[in-house]
Structure formats: C-alpha cells, structure tokens
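J.: Make the full structure from the sequences, and use the hints.
Line order of the protein sequences matches chains A and B. At position 103 of the first sequence (counting the first as 1) the number is 103 in the working numbering, and the numbers step up by one without a gap. Each number in the working numbering corresponds to the 1-based position in the second sequence with 1000 added.
A couple of the hints might just be wrong.
As the list claims (entries may be wrong) - 27 Å max Cα-Cα, derived DSS-like pairs, lysine-lysine:
| id | chain 1 | residue 1 | chain 2 | residue 2 |
| --- | --- | --- | --- | --- |
| 1 | A | 40 | A | 22 |
| 2 | A | 40 | B | 1026 |
| 3 | B | 1026 | B | 1056 |
| 4 | A | 52 | B | 1098 |
| 5 | A | 40 | B | 1103 |
| 6 | A | 9 | B | 1098 |
| 7 | B | 1069 | B | 1098 |
| 8 | A | 22 | A | 52 |
| 9 | B | 1069 | A | 9 |
| 10 | A | 22 | B | 1098 |
| 11 | B | 1070 | A | 40 |
| 12 | A | 41 | B | 1069 |
| 13 | B | 1103 | B | 1056 |
| 14 | B | 1026 | A | 36 |
| 15 | B | 1103 | A | 36 |
| 16 | B | 1026 | A | 71 |
Unchecked claim - Ranges between beta-carbon positions, derived for each pair:
| id | chain 1 | residue 1 | chain 2 | residue 2 | range |
| --- | --- | --- | --- | --- | --- |
| 17 | B | 1081 | A | 80 | 28 to 36 Å |
| 18 | B | 1066 | A | 3 | 29 to 37 Å |
| 19 | B | 1026 | A | 58 | 27 to 35 Å |
| 20 | B | 1026 | A | 5 | 29 to 37 Å |
| 21 | A | 14 | B | 1028 | 43 to 51 Å |
Unchecked claim - Covered by chain A, according to a simulated footprint, are these stretches of chain B (three or more residues, beta-carbon under 8 Å):
| id | segment |
| --- | --- |
| 22 | 1028-1034 |
| 23 | 1037-1044 |
| 24 | 1084-1094 |
| 25 | 1099-1105 |
Keep in mind the hints are simulated off the structure, nothing from the lab. All of these numbers come straight from a predicted model, not from anything done at the bench. Don't be surprised by glycine CBs; every beta carbon is placed ideally from N, CA and C.
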Amino acid sequence: DTAVSQTPKYLVTQMGNDKSIKCEQNLGHDTMYWYKQDSKKFLKIMFSYNNKELIINETVPNRFSPKSPDKAHLNLHINSLELGDSAVYFCASSSFRGGSYEQYFGPGTRLTVT
Amino acid sequence: SQQGEEDPQALSIQEGENATMNCSYKTSINNLQWYRQNSGRGLVHLILIRSNEREKHSGRLRVTLDTSKKSSSLLITASRAADTASYFCATRQGGSEKLVFGKGMKLTVNP
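T.: See the structure below:
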C-alpha cells in the first residue's frame, strides 16, 4: 500500500499555464507538507497543514496556493507558471506537527516549465 | 534559511567499507534527523536523535550528536551497493514548526 502518493509524477507545461499537483496519505497523519527540491537537490519547505489548518507558510510567491480538503489530502495549485518553478515537488506527512517526528515523503512530482 | 551542511559533499567507497557523513548546523536544535534519497525517489527517514541524546543506533546505522560543536555524524557500517543514495540531515530549531534540510551528500558504494 502506498503511504504518500502524488499525482502526476511528471508535469510538463508552458509558461503562463495553471497546474495542480495532488497528494494523498493513508497513514492517518495529522500534518502534511509541500517541499520544493531544486536542481541542486536543495530541499525547502513551502507549506504545512495540520488538520486542514495552515501552520507553515514560507516565503513563496502567492501564485502558489495549497488546499487541504481534509487531513488526508493536500493539493498544490500553481498559477501563471514561470521557468523558475521547474523543480521536483514533494509532499510529505507526519503523525503530529512541530518537526519532532519523522516525515514520510511521496515519490515527487517533476515539474518542467518550458 | 539553510541550517545543516553535510560533509563531504560526495563520497565514493567500496562495498563492505564504512561510510561516515557529517552534518554541521548553526543554531540550537530540538532534534536532528537523517534521511536517504535514492535517485528519482522521495526521501526516506533513517533516524532521529534528540538534543539530549548523544548516540543512537539502528541496524547498520550509527548517529552521534555533539550539541557543543553543533555537529552530527552518520556512520553506515559494512556498506552495500544499495546504500548508494543522497543523504540529508535535517534539524528542527528551537520552537520552530519546521524541519530545515541540508544540501545533501551523495554516497556511491561500488560493488
């Protein structure tokens, strides 16, 4: 059984388009995250939700909007895509909030903006 | 802001040898975690060590934490080709909600 799943795995799109990435976890965790990993493998937190409440909102362009319909799902919508948005986006979850617990990562979504 | 810095940035060893990776950080932490990332995959949690712990073991992994030097090391004993991956340390700072990841270190274990 897949613990944290993301769709799609690959996303190729043109500048200016709007796209969404979906994430689901079946671990019963309360907290979910979005990370961005750039071409140099640097991993940076973008957002975190705990029981559908936004608890971490890093300095990312407001073209990025997370949505958590329930605690098992966290989606990421990106408006007006730019070349610099090309990266691998990872969803993760943990049993509780606060960074003191191990995080379970999804397989990643490789976004390429042309 | 980036917290952890893994050292060395890349390491290549032969199967059966031990691999040691170091992580240094700048501010006081609540805990430090190590993760592995295989090529094209998500990160996998390896081990978590809290700020009041000095050493922890899990299978072939041994992690140490020296809060006075703000550093941690990850030792993989009797390495296998399957250990080839990038390894990241991540820290939770003080009252922060988030984990801050280092740049990662690429380990290659040659069969």
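J.: Work down the list of hints and note, for each, if the structure agrees.
T.: Hint check results:
Distance check on the hinted pair: residue 40(A) and residue 22(A) sit about 24 Å apart at the alpha-carbon level, within 27 Å; holds. For a cut-off of 27 Å, the pair hint linking residue 40(A) to residue 1026(B) stands: about 21 Å separates their Cα positions. The suggested pairing of residue 1026(B) with residue 1056(B) holds, with an alpha-carbon distance near 21 Å, which does not exceed 27 Å. Only pairs whose Cα atoms come within 27 Å are accepted, and residue 52(A) paired with residue 1098(B) is accepted, the gap being roughly 17 Å.
The suggested pairing of residue 40(A) with residue 1103(B) holds, with an alpha-carbon distance near 8 Å, which does not exceed 27 Å. For the given pair, residue 9(A) sits about 25 Å from residue 1098(B) by alpha-carbon distance, which is consistent with the 27 Å threshold. This hinted pair checks out: residue 1069(B) and residue 1098(B) have alpha carbons roughly 22 Å apart, not beyond 27 Å. Between residue 22(A) and residue 52(A) the CA atoms are separated by roughly 15 Å; this keeps the pair inside 27 Å, and the hint holds.
A hinted pair counts as satisfied when its Cα atoms are at most 27 Å apart, and residue 1069(B) with residue 9(A) does not qualify at roughly 40 Å. Restraint check for residue 22(A) and residue 1098(B): the C-alpha separation of about 21 Å stays at or below 27 Å, so the hint holds. Between the alpha carbons of residue 1070(B) and residue 40(A) the distance comes to roughly 24 Å, so the proposed pair stays at or under 27 Å and holds. For the proposed pair residue 41(A) and residue 1069(B), the alpha carbon gap of about 26 Å is at most 27 Å, so the pair holds.
A distance of roughly 23 Å separates the Cα atoms of residue 1103(B) and residue 1056(B); the hinted pair therefore holds under the 27 Å criterion. Proximity of residue 1026(B) to residue 36(A) is assessed by CA-CA distance (about 22 Å); at most 27 Å being required, the pair is judged to hold. Between residue 1103(B) and residue 36(A) the CA atoms are separated by roughly 13 Å; this keeps the pair inside 27 Å, and the hint holds. Restraint check for residue 1026(B) and residue 71(A): the C-alpha separation of about 33 Å exceeds 27 Å, so the hint is violated.
Checked against the hint of 28 to 36 Å, the pair residue 1081(B) and residue 80(A) fails, with Cβ atoms roughly 44 Å apart. Look at residue 1066(B) against residue 3(A): about 33 Å separates their beta carbons, and that is inside 29 to 37 Å. Checking the proposed 27 to 35 Å range against residue 1026(B) and residue 58(A) shows it is violated: the Cβ atoms sit about 18 Å from each other. In this structure the supplied range 29 to 37 Å holds for residue 1026(B) paired with residue 5(A), their Cβ-Cβ distance being about 35 Å.
At about 45 Å, the beta-carbon gap between residue 14(A) and residue 1028(B) stays in the expected band of 43 to 51 Å. Check result for the segment 1028-1034 of chain B against chain A: holds, 3 residues qualifying (beta carbon to beta carbon below 8 Å, three or more required). Counting residues of the segment 1037-1044 of chain B whose C-beta sits closer than 8 Å to any C-beta of chain A gives 6, which meets the bar of three, so the coverage hint holds. Look at the segment 1084-1094 of chain B against chain A: 3 of its residues bring a Cβ nearer than 8 Å to a Cβ of that chain, three or more, so the hint holds.
A stretch counts as covered by a chain when three or more of its residues have a beta carbon under 8 Å from one of that chain; for the segment 1099-1105 of chain B and chain A the count is 5, and the coverage holds.
When the structure is compared with the earlier hints, violations turn up for hints 9, 16, 17 and 19 and for no others.
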